[in-house]
Amino acid sequence: MKRSLWTLFLPVLVVLAVGLYPLLTQQDVHRETSFTLLRAVALAASLNIILGFTGYVSFGHVVFYGLGGYVAFYLVAEKGWPFWSAVLMGGLAAALLAFLIGAGILRLRGAYFALVTIGVNEAMKAFIYNFQPFGGPVGLTMNFAVYKAYGGPRAVLWMTYHWLFVVTLIVVAVSYWIRVSKFGLGLLSIREDEDAAEVMGVRTSWFKTWAFTLSAFFPGLVGAIFFFRNASIEPHDAFPLHVSIESIVMVMLGGQGTVIGPILGSIGYQWMRVFLLTNRLLKNIQLAVAGGLLLLIVLFIPAGLVGWLRRRFPATRRFLL
Amino acid sequence: MDMGFLFASLIDGLLLGFVFGVAAIGLTLIFGVMEVINLAHGPVIALGMFGLYFAVTLLGLHPYAGTLLTAVGGLFLGILIYAIAVHRVIGAPHLSSLLATYSINMMIIGIGTALLTTSPRNIEFSLGSMTLGTATIPVTRIVAALASLLAAVALYLFMQYTRWGKFIRAVTDNRDAAELVGIPSTKVLALSFGLGTMLAAFSGALIATLFPFTILEGGKYELKSFVISVLGGLGNPMGALIGGIIIGLIEGLVPVFLPTTWVLVVEFVLFVLILLIRPTGLFGGRAQ
Numbered sequence: 001m002k003r004s005l006w007t008l009f010l011p012v013l014v015v016l017a018v019g020l021y022p023l024l025t026q027q028d029v030h031r032e033t034s035f036t037l038l039r040a041v042a043l044a045a046s047l048n049i050i051l052g053f054t055g056y057v058s059f060g061h062v063v064f065y066g067l068g069g070y071v072a073f074y075l076v077a078e079k080g081w082p083f084w085s086a087v088l089m090g091g092l093a094a095a096l097l098a099f100l101i102g103a104g105i106l107r108l109r110g111a112y113f114a115l116v117t118i119g120v121n122e123a124m125k126a127f128i129y130n131f132q133p134f135g136g137p138v139g140l141t142m143n144f145a146v147y148k149a150y151g152g153p154r155a156v157l158w159m160t161y162h163w164l165f166v167v168t169l170i171v172v173a174v175s176y177w178i179r180v181s182k183f184g185l186g187l188l189s190i191r192e193d194e195d196a197a198e199v200m201g202v203r204t205s206w207f208k209t210w211a212f213t214l215s216a217f218f219p220g221l222v223g224a225i226f227f228f229r230n231a232s233i234e235p236h237d238a239f240p241l242h243v244s245i246e247s248i249v250m251v252m253l254g255g256q257g258t259v260i261g262p263i264l265g266s267i268g269y270q271w272m273r274v275f276l277l278t279n280r281l282l283k284n285i286q287l288a289v290a291g292g293l294l295l296l297i298v299l300f301i302p303a304g305l306v307g308w309l310r311r312r313f314p315a316t317r318r319f320l321l
Numbered sequence: 001m002d003m004g005f006l007f008a009s010l011i012d013g014l015l016l017g018f019v020f021g022v023a024a025i026g027l028t029l030i031f032g033v034m035e036v037i038n039l040a041h042g043p044v045i046a047l048g049m050f051g052l053y054f055a056v057t058l059l060g061l062h063p064y065a066g067t068l069l070t071a072v073g074g075l076f077l078g079i080l081i082y083a084i085a086v087h088r089v090i091g092a093p094h095l096s097s098l099l100a101t102y103s104i105n106m107m108i109i110g111i112g113t114a115l116l117t118t119s120p121r122n123i124e125f126s127l128g129s130m131t132l133g134t135a136t137i138p139v140t141r142i143v144a145a146l147a148s149l150l151a152a153v154a155l156y157l158f159m160q161y162t163r164w165g166k167f168i169r170a171v172t173d174n175r176d177a178a179e180l181v182g183i184p185s186t187k188v189l190a191l192s193f194g195l196g197t198m199l200a201a202f203s204g205a206l207i208a209t210l211f212p213f214t215i216l217e218g219g220k221y222e223l224k225s226f227v228i229s230v231l232g233g234l235g236n237p238m239g240a241l242i243g244g245i246i247i248g249l250i251e252g253l254v255p256v257f258l259p260t261t262w263v264l265v266v267e268f269v270l271f272v273l274i275l276l277i278r279p280t281g282l283f284g285g286r287a288q
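Those sequence lines, one after another, are chains U and P.
One point on numbering: in the working numbering, the residue at position 274 of the first sequence is 274, and numbering is uninterrupted.
One point on numbering: in the working numbering, the residue at position 276 of the second sequence is 276, and numbering is uninterrupted.
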């Protein structure tokens with residue numbers, strides 16, 4: 001069956017719809033909503049590269065987000081670097097960390113890999129907590145004079161929004177490219193049967209390391225953007241384990257290993273959160289309700305929405321990827 | 001260096017290490033039998049703390065009687081969790097069992113924070129203290145360490161000499177073969193999960209006799225249990241007890257040389273290194 005170009009257009013259109021809406025209305029509240037949505041999409045779609053395409057369950061995605069945030073924040077607030085170069089350095093620092101530890105930890109499989117990623121995140125959090133240049137337990141705060149150079153706090157909110165919008169579009173484009181490229185084929189073969197892939201001549205450790213590095217670069221950028229606009233950063237905000245797990249949930253919800261799945265999953269998950277938080281009855285137990293939903297999905301539709309649609313209605317495979 | 005402080009700190013850590021060890025045995029037992037990493041481990045430890053709290057405040061039980069009652073409650077809770085969340089994902093990809101147990105984690109924490117709030121509680125209970133050289137040790141700590149050791153020994157005897165213990169070991173070695181000779185594997189898996197949860201709740205109750213706690217407190221001990229289980233070899237219960245003692249000693253030793261906040265850095269770096277260099281732990285675990 002020939003793959004329709006809709007497989008690319010649909011994910012891009014969804015992100016464009018979310019991203020352009022506040023630009024049309026110019027409303028602060030719409031911008032904040034879309035910022036949260038785009039951040040979730042970027043985190044989930046980048047996690048999907050290692051989790052969905054390669055089949056390695058990483059609980060440490062947020063370590064790259066936090067590290068990118070810290071590096072960029074430090075460069076802007078303490079060293080006076082321009083914002084764009086600090087963001088880039090944040091992404092590169094995250095990618096470098098992934099590249100360096102990837103070769104070692106990607107030898108572990110299954111539950112062992114999941115555990116080591118938790119360990120890396122906690123070790124990094126505990127280390128930053130003691131690392132004085134990054135402010136130790138107190139963290140760093142932005143001098144508002146820095147924002148002046150970018151036209152004041154309100155302008156910064158818009159500027160960082162534009163940046164995140166562009167980064168999210170790039171993440172989606174990259175994950176589409178991976179899915180249809182030979183590189184992606186190598187990753188999928190590792191997911192299906194790593195030993196067989198190796199025998200067939202796939203250089204598995206090279207593929208895995210680059211998938212991990214690529215998947216770490218984007219949360220580094222997102223963290224850099226987020227903490228710059230947040231005006232402060234401290235260890236517990238930068239490395240919350242539950243954000244990693246929420247990202248996994250978003251990927252699962254939409255369908256791991258697909259391009260559009262993590263996007264729909266993030267939007268669906270965030271929508272559900274807002275619904276629960278604003279519902280008078282469920283507000284207090286929103287976490288428990290979310291947990292119950294997660295359990296139902298894991299038990300009954302483990303392939304996620306898109307995976308389920310593709311299997312149940314084969315005709316959708318032409319335009320859903 | 002002050003030898004007296006070093007000694008006191010080591011004794012302190014060692015005693016706590018036994019209690020951490022028991023929590024980790026629960027985690028590693030479950031992994032050994034069914035290759036499930038129980039991400040609901042921390043909340044169960046926290047439930048153990050609150051189980052004891054209510055046994056003491058509402059039922060008026062003696063704290064150690066309450067600890068036993070809490071452990072029994074933990075057994076049934078574990079069997080319930082197994083039936084609701086774990087049974088269907090046995091043998092499924094790891095992601096499924098990780099997320100299924102994490103969903104239980106979310107439910108317990110969600111309902112727990114709504115009902116119990118996150119303000120700290122503590123159990124008013126003291127047995128005085130003992131002086132040993134330079135160390136002054138609260139007696140509750142000694143009892144907690146002894147009770148933990150006793151629990152580990154009891155588990156060992158159960159696994160070694162009882163019918164159901166042998167069933168558990170058989171299912172651990174080879175589930176298909178165990179089923180062929182007529183071992184009811186589903187019941188064995190449920191019992192193993194129950195036992196693992198029981199040990200978590202038991203150690204939570206013991207911790208509650210020592211420190212104040214909130215419903216979120218379990219997360220810390222869950223991470224510690226990961227470190228200890230990996231150190232001792234994932235799936236190796238007795239390794240976990242020794243792992244607990246090692247971690248306890250590290251927690252006693254590090255503050256003598258570095259600020260206390262470095263303890264976690266040392267523990268998690270060790271954790272990552274062990275996984276990289278020797279994933280089966282110091283004392284051998286279930287093969288990867």
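If you're looking for bench data, these hints aren't it; they were derived computationally from the structure.
In this text, all values refer to a predicted model and were calculated from it rather than measured experimentally.
Careful: at least some of the hints might be erroneous.
[Unchecked claim] For each label pair, taking beta carbons as the anchor points, the in silico distance ranges come out as:
1) U:LYS148 x P:THR118: 36 to 42 Å
2) P:VAL72 x U:ARG109: 49 to 55 Å
3) U:MET200 x P:PHE211: 33 to 39 Å
4) P:PHE211 x U:GLN26: 49 to 55 Å
By construction, the Cβ of each residue, glycine as well, lies at the ideal position given by its N, Cα and C atoms.
Could you see if the CB distance from LYS148 (chain U) to THR118 (chain P) stays within 36 to 42 Å? Given about 39 Å between the Cβ atoms, the range holds.
49 to 55 Å was suggested as the range; check whether the CB atoms of VAL72 (chain P) and ARG109 (chain U) agree with it. 37 Å, violated
That 33 to 39 Å hint for MET200 (chain U) and PHE211 (chain P) (C-beta), does it hold up? 55 Å, violated
Just to be sure I understand the hint, the distance between the Cβ atoms of PHE211 (chain P) and GLN26 (chain U) should be within 49 to 55 Å; is that true here? 52 Å, holds
Violated hints, listed in ascending order, are 2 and 3; each of the other numbered hints is respected by the structure.
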